[in-house]
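Visitor: Each chain, letter by letter, is given below.
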Amino acid sequence: MTPETVLIIGAGQGGLQAAISLRQSGFAGTITLIGGEPGLPYQRPPLSKAYLRDGKAEALYLRPESFFDAKQIDYRPDTWVEAIDRTAQRVTVTGQSGAHALPYDHLVLATGTRNLRPPIEGIGLACDLRTLRDAQTLRDRLSQPTRIAVIGGGFIGLEFAAVARALGHEVAIIEAAPRLMARAVSAKMSAHFAELHRDWGNRLHLGQAAIAVEPSGVTLADGTKIASDFVLLAAGVRPNTELAEAAGLACDNGVRTDARLLTSDPAISALGDCASFPDPRSGAQIRLESVQAATDHARLIAKRIAKGDAAPYSAQPWFWSDQGPCKLQIAGFATPDAAEEEIAAGIIGRFDASGLSAIETLDNARAHMRARKLIASPVPITRAELEEIAA
Amino acid sequence: MVKVTYIAHDGSQTDIDADEGDTVMHAAVSQDVDGIVGECGGAMMCATCHCYVDAAWADRVGTRDRSEEDMLDGAASEVTERSRLSCQIKLTSDLDGLVVHLPEEQF
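Chains H and C, in that order, are what the protein sequence lines are.
Sequential numbering from 1 applies to the first sequence in full-length UniProt numbering.
Sequential numbering from 1 applies to the second sequence in full-length UniProt numbering.
Same shape as in the complex, but just chain H (with noise of 0.2 Å):
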């Protein structure tokens, strides 16, 4: 039976995506969006990098406010969830308009994540970039020089450090494993990039874990002191659980789904960052964080809500950094603990015990968007094929 209401919680680009994807696979019941930030739906990925630059908030708004009523998609923004009643099928939540609770025949959990917070002395003190209002108040700091120490070094805190280097900052990175991007990308990768950041002027500090954050600097494990005038916190992310999790909702390193990215809750359908899903490829349970899962797992679970069409995911993740002129890509996905290969100059093969699983390409688009082909083949891959992503 084809529910009648849909209920999303999470208005980010997988939330609203869902909601764009129930409408255009013919969904004529309600649909509620609800959004726990102020304003229009929008894209986060510029966040690190065009708009640190350029400001421009308007283009970061994923569909214009007279989409929605066109849409009949009833978006509520500035509103929480406070919790899930799974045998009432409803949830409370809490808005301008004060406590209210809203029925769902099929629940869509999109809470994406938050950012850890490490326990380290002073953290208070350091900025977030997470949201469009903390990327206001980054820009804010960089409209003069000043001296910025990023705490992590992965997509989000190299991306931004290569933008306010760019604008004439002086910026350290502080990461405490022992390279950049060492969940993300290979060795030489992260070397690659390593280079590229110490050439722009950006020192690193690789295997320092800071301790103590105070209004003059970051304090390191072995005792060195940054100077700086202000901290930005990029240590990652956690899934917004909670809800789920309060609900009695299977929750595993995030919101455990099937292949139809169904919860333990046959009512209730979980997507993107805070969704924990069998790896196409590998059948394992993963969890990305991106617009692509975000998105294709969107288009899932609108075409099973409308149409009752239960194929089960199997998109193939893909990903990107912008750092200063560079840009970084990978098609597939790889654990850290993955075996990497150098196929061609800038172009790296990560391997599992079931081959090929990603596959990092460096100002490649050509090679990047043949890795993708390759990455989706249900037969292994040869060796003269890999070779050819190259040619």
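The set of hints was computed from the structure by calculation and includes no laboratory data.
Only a predicted model underlies this, so the values are computations on that prediction, with no experimental measurement involved.
Hints are not guaranteed to be accurate.
As a list, the in silico BS3-like pairs of lysine-lysine whose alpha-carbon atoms are at most 27 Å apart [stated by the list, open to error]:
#, chain 1, residue 1, chain 2, residue 2
1, H, Lys303, H, Lys71
2, C, Lys90, H, Lys327
3, H, Lys327, H, Lys56
4, H, Lys327, H, Lys188
5, C, Lys3, H, Lys71
6, H, Lys303, H, Lys373
7, H, Lys188, H, Lys373
8, C, Lys90, H, Lys56
9, C, Lys3, H, Lys56
10, H, Lys307, H, Lys71
11, H, Lys49, C, Lys90
12, H, Lys56, H, Lys71
Residues from chain C that face chain H, not an exhaustive set, calculated with beta carbons under 10 Å [as the list claims (entries may be wrong)]:
#, residue
13, Asp22
14, Gln31
15, Asp34
16, Cys40
17, Gly42
18, Arg66
19, Glu68
20, Leu72
We treat Cβ as the ideally placed atom computed from N, Cα and C, and that holds for glycine.
Chain H is already provided as a structure; the job is to place chain C on it using the hints.
Guide: This is chain C only, laid out in the frame that chain H set:
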């Protein structure tokens, strides 16, 4: 303002007024023109803003660069010599009245 006309695969036509400096992709998405997705927001990562520039405008729109060409390789619909990623076409007063055709699918 720059007038842009989007002609969908089924022949239906949408005319919009866009700001100079905006891209053909963003103008479409922000005014809810069906048929242009622009999933990556213009970062040239996805090829879901594929369009065909109307023959009458081909000369004025400019050519695609190497990266755009490479990304178009992954487009869902047929790529022709008039194919562009609409995120890479910036609207100027010269393009007032631009007509683009949209592919059957973007995924």
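Visitor: Would you check the hint for Lys327(H) and Lys56(H), treating anything up to 27 Å between C-alpha atoms as holding?
Guide: holds (22 Å)
Visitor: Starting from Lys3(C), check that the Cα of Lys71(H) is at most 27 Å away, please.
Guide: holds (24 Å)
Visitor: Please work out if Lys3(C) and Lys56(H) have their alpha carbons no farther apart than 27 Å.
Guide: holds (22 Å)
Visitor: Mind checking the CB of Arg66(C) against every CB in chain H and telling me if the closest is under 10 Å?
Guide: holds (8 Å)
Visitor: Are Lys327(H) and Lys188(H) close enough, with their CA atoms no more than 27 Å apart?
Guide: Roughly 15 Å between the alpha carbons, so the hint for Lys327(H) and Lys188(H) holds.
Visitor: Is the straight-line distance between the alpha-carbon of Lys307(H) and that of Lys71(H) 27 Å or less?
Guide: holds (18 Å)
Visitor: Hint check: Lys90(C) vs Lys327(H), CA-CA at most 27 Å. Holds or violated?
Guide: Status holds; Cα separation ~21 Å.
Visitor: Sort out whether Lys71(H) lies within 27 Å of Lys303(H), counting only the CA atoms.
Guide: holds (17 Å)
Visitor: Using the nearest Cβ pair, does Cys40(C) come within less than 10 Å of chain H?
Guide: Since the shortest Cβ distance to chain H is 7 Å, the answer is holds.
Visitor: Need the status of pair Lys90(C), Lys56(H): alpha-carbon distance at most 27 Å?
Guide: holds (16 Å)
Visitor: Can the hint on Gly42(C) be confirmed by a CB-to-CB distance to chain H that is less than 10 Å?
Guide: holds (8 Å)
Visitor: Given Gln31(C) was flagged as interface, is its beta-carbon under 10 Å from a beta-carbon of chain H?
Guide: Hint on Gln31(C): holds, closest Cβ of chain H at ~6 Å, below 10 Å.
Against the hints set out earlier in the document, no violation occurs for any number.
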